[in-house]
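Add chain B to chain A, keeping to what the hints say.
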Amino acid sequence: MMSEKKKIGFYWTGACGGCQVSVLDIDEMLFDVLDQAEIVFWPVAMDIKYDDVEGFDEDEIDMMFINGSIRLEENKEMAEILREKAKEVVAYGSCSVNGGIFGLGNLSSKEELLEEASTTKTTDEGPLPSRSTEVEEGNLGLSELLEHIVPLEEIIDVDYYLPGCPPLPNQLEEAFPALLDDETEVGKYDLVSDKSVCDVCPMDREEKKIEGLKPIQEVELDTEECILDQGVLCMGPATAGMCDGVCPDVGHPCVGCNGPVKDVKDQGSRMSSALASVIGIEGEERKTEEDVIEAMKTVRDPTGSFYMFSLPSSIMQFRRGDLDE
Amino acid sequence: MSDDNKISIDPITRLEGHGKIEIFLDEDENVKNAYLQVPEYKGFEKFCEGRKAEDMPNITNRVCGVCPEAHHLAASKALDEAYDVEPPEPAKKLRELFYNAYIYADHILHFYYLASPDFLVGVDAPKDARNILGVIEEVGEEIGKKVIKQRGKGQKIVRMLGGKSVHPAFGVPGGVTKSLSSEEREELMELSSDMVDFAEFTLDLFKEEILSEYEEEIKEERLNTYSMGLTEDGKLSHTGGHVNIVDPEGEEFDSFSGADYTDVIREHKESYSYMKFPYLKEIGWKGFEEGKDSGIYRVGTLGRINAAEGMKTERAQEEYEEMFDALGHPVHSTLAYHWARVIEIMQAAEMIEGLVHDEDIESDDIRNEPGEPGNGVGIVEAARGTLIHDYELTDDGLVENANLIVATNHNASVISMSVRDAAKKHIDGGDIQEGMLNSVERSFRAYDPCLACATHSAMGETPLKVNIYDSKGRKYKEASQGLGDSE
Numbered sequence: 001m002m003s004e005k006k007k008i009g010f011y012w013t014g015a016c017g018g019c020q021v022s023v024l025d026i027d028e029m030l031f032d033v034l035d036q037a038e039i040v041f042w043p044v045a046m047d048i049k050y051d052d053v054e055g056f057d058e059d060e061i062d063m064m065f066i067n068g069s070i071r072l073e074e075n076k077e078m079a080e081i082l083r084e085k086a087k088e089v090v091a092y093g094s095c096s097v098n099g100g101i102f103g104l105g106n107l108s109s110k111e112e113l114l115e116e117a118s119t120t121k122t123t124d125e126g127p128l129p130s131r132s133t134e135v136e137e138g139n140l141g142l143s144e145l146l147e148h149i150v151p152l153e154e155i156i157d158v159d160y161y162l163p164g165c166p167p168l169p170n171q172l173e174e175a176f177p178a179l180l181d182d183e184t185e186v187g188k189y190d191l192v193s194d195k196s197v198c199d200v201c202p203m204d205r206e207e208k209k210i211e212g213l214k215p216i217q218e219v220e221l222d223t224e225e226c227i228l229d230q231g232v233l234c235m236g237p238a239t240a241g242m243c244d245g246v247c248p249d250v251g252h253p254c255v256g257c258n259g260p261v262k263d264v265k266d267q268g269s270r271m272s273s274a275l276a277s278v279i280g281i282e283g284e285e286r287k288t289e290e291d292v293i294e295a296m297k298t299v300r301d302p303t304g305s306f307y308m309f310s311l312p313s314s315i316m317q318f319r320r321g322d323l324d325e
Numbered sequence: 001m002s003d004d005n006k007i008s009i010d011p012i013t014r015l016e017g018h019g020k021i022e023i024f025l026d027e028d029e030n031v032k033n034a035y036l037q038v039p040e041y042k043g044f045e046k047f048c049e050g051r052k053a054e055d056m057p058n059i060t061n062r063v064c065g066v067c068p069e070a071h072h073l074a075a076s077k078a079l080d081e082a083y084d085v086e087p088p089e090p091a092k093k094l095r096e097l098f099y100n101a102y103i104y105a106d107h108i109l110h111f112y113y114l115a116s117p118d119f120l121v122g123v124d125a126p127k128d129a130r131n132i133l134g135v136i137e138e139v140g141e142e143i144g145k146k147v148i149k150q151r152g153k154g155q156k157i158v159r160m161l162g163g164k165s166v167h168p169a170f171g172v173p174g175g176v177t178k179s180l181s182s183e184e185r186e187e188l189m190e191l192s193s194d195m196v197d198f199a200e201f202t203l204d205l206f207k208e209e210i211l212s213e214y215e216e217e218i219k220e221e222r223l224n225t226y227s228m229g230l231t232e233d234g235k236l237s238h239t240g241g242h243v244n245i246v247d248p249e250g251e252e253f254d255s256f257s258g259a260d261y262t263d264v265i266r267e268h269k270e271s272y273s274y275m276k277f278p279y280l281k282e283i284g285w286k287g288f289e290e291g292k293d294s295g296i297y298r299v300g301t302l303g304r305i306n307a308a309e310g311m312k313t314e315r316a317q318e319e320y321e322e323m324f325d326a327l328g329h330p331v332h333s334t335l336a337y338h339w340a341r342v343i344e345i346m347q348a349a350e351m352i353e354g355l356v357h358d359e360d361i362e363s364d365d366i367r368n369e370p371g372e373p374g375n376g377v378g379i380v381e382a383a384r385g386t387l388i389h390d391y392e393l394t395d396d397g398l399v400e401n402a403n404l405i406v407a408t409n410h411n412a413s414v415i416s417m418s419v420r421d422a423a424k425k426h427i428d429g430g431d432i433q434e435g436m437l438n439s440v441e442r443s444f445r446a447y448d449p450c451l452a453c454a455t456h457s458a459m460g461e462t463p464l465k466v467n468i469y470d471s472k473g474r475k476y477k478e479a480s481q482g483l484g485d486s487e
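Taken in sequence, the protein lines are chains A and B. Under our numbering, the letters of the first sequence match residues 1 to 325, in that order. Under our numbering, the letters of the second sequence match residues 1 to 487, in that order.
Okay, chain A solo, but in the shape it has when bound (with noise of 0.2 Å):
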């Protein structure tokens, strides 16, 4: 067979942006990929409407990068119909990967999330956003909010996981080359690390048995030392190791964007057990599990830190209970 270059594209759902930066972020290394591969559309391109997109043949692209969260019914269809025109799927982000950061509106109903923006102290009366408005000219659709936020897996079939918030320029720089070579065996989950944060964490973690948590803002950190041996929540523990661990780098803790770590499905329970391994208990002496509980509470909001990036992807999914029925 000639070896034609492959044909990719780069889409987006409910995004930041932050993963078509990245793309960018790599510098002239885009001029290589290029040589590898030939863009046949750039996600906003194809955002147009599905009947443009469906005037594409099946599995006509080689390679579709997949970014964003399928908050919307839109960005629902537009990954169905995407699957059909790709023989290949990246999940692309943690967001696509794990539901990410938007996953957080999973702990409300979609009018709780839909009223909050209409109702804040500076927001006029009026209706909420709808799926049909008349105005003069005549009719106005706008697509509607999906039930909570799930990854894209749950949606189509996904080739490859790439994560990451977004992924960095030392995870690409691998990832493209070895992706767009027929030659070169990736598989599905050979991108996520088995290595956690603090794997790869120039700061070496010891263990040390803390009392509590306190926020960072309490705590005057020593730049050199591991900053949850210091007593303040890192998520390096729970967290995929892609990144080198620059944010404990710079001596900001790790909030867990890159999602679990291979193979593990729960970020939050990973991150449970890290802590209370090391949690209340102080030298030899045992303390009660009273004093474990009471030291556990000292790990403010949770649900919120331990699945910051993950939470469609974790047990959990979304909040469940007192949700209308």
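Simulated from the structure, these hints should not be mistaken for laboratory data. For each residue, glycine too, the CB sits at the ideal point set by N, CA and C. Treat each hint with caution, since some may be false.
[To be verified] Partial pick of chain A residues on the chain B-facing surface, computed with a CB cut under 8 Å:
id	residue
1	107
2	112
3	121
4	127
5	138
6	212
7	215
8	296
9	298
Below, chain B alone, put in the same frame as chain A:
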């Protein structure tokens, strides 16, 4: 698509992502009205509730991956106020360095990758040429490489301080988490040594290649509105001071800081869009109208430069004077956003040069101890305009209430109006002229409504689709850029 006599431009792009313009025709198939819709919604104000205050700089980063630094700093400043703590001087300077590096890189991205193809290559040029590669063809490969390198320098400074160039982690209540070693500062002195030269080069390029050719157009596309922007001692600022507002004649209208923003700004709602339309409370919402009696205002590079009495740095000040000498004060031409933008590239470069030569940025004194959690408002100027973060915290330092008014949000009305006016000018009797879609988009793009434009332009696809419906609601022509035309 509904069965009206309308044209859809779907999507245009903006801050958080997707955008859509619906254009309605009248009986004579001329443009009757245009609506900007934003089919994009995340619900930050809701899901920030209950989060740890100190997480806000890292959560709100993700409102926008093109300007995460802006949200990061607005959040950090809001937390300073909420915890009643003033960062030490070195921390303020480090934040300033971080922020100017962002402004520098972001404006370069916008000017060269996104806006300049319209001017240097031209709106009527084939789509394959209307991108950064086409620009390189036009101006030469050497310059193209220089542009990529200079943008990379801004990103590098952000990365040095915040670990990552997209979604950096740097600000905390009362300061920052990282200062520079003397080796790092030395590296930055070297790195930044040609930034002012590059800003100079960019200004020359703008004047020689764009201003000289498009002077009439720059004067033509106008909207007479109020202008808003941060000023510090009257000078254009991105990071602190008071928000100043001038009326359409350039007269001082109002000024506010912090929590007082609620006395000045209200947000109008339309059910056809997830994006709200802010306006000046005192004047009121009068619909999509320009003039002194309408509460609509503009933010961003042009809003800022109109609202300021001058620039913070010497070279930028000269350019400020040249611009207003040429166009009068205030400037209402939408395309002058670009001019103001290249002037800001100069200010950012000069600021960086000053800061890297300041030993203070090596200091360890980068955090002050916070007080008890309360309420706080942080205001910065994102590349695209005024950005307001407002938090109310619980005694445990959790967010109880959040209100965010983001840059492109303030501009929602002026963008709608600019696009409407551009459509009226370029759509004639239902006929789509060559270059029309791009002209309409160019008006939109002047506001730098963020990333998507930048990225698609990098590859030369213009994500527009136009459906034209006759007055009976029958579609008789369809055109889309990036995919070819079809009847």
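Provide an ascending list of the numbers of those earlier hints which the structure does not satisfy. 6, 8, 9
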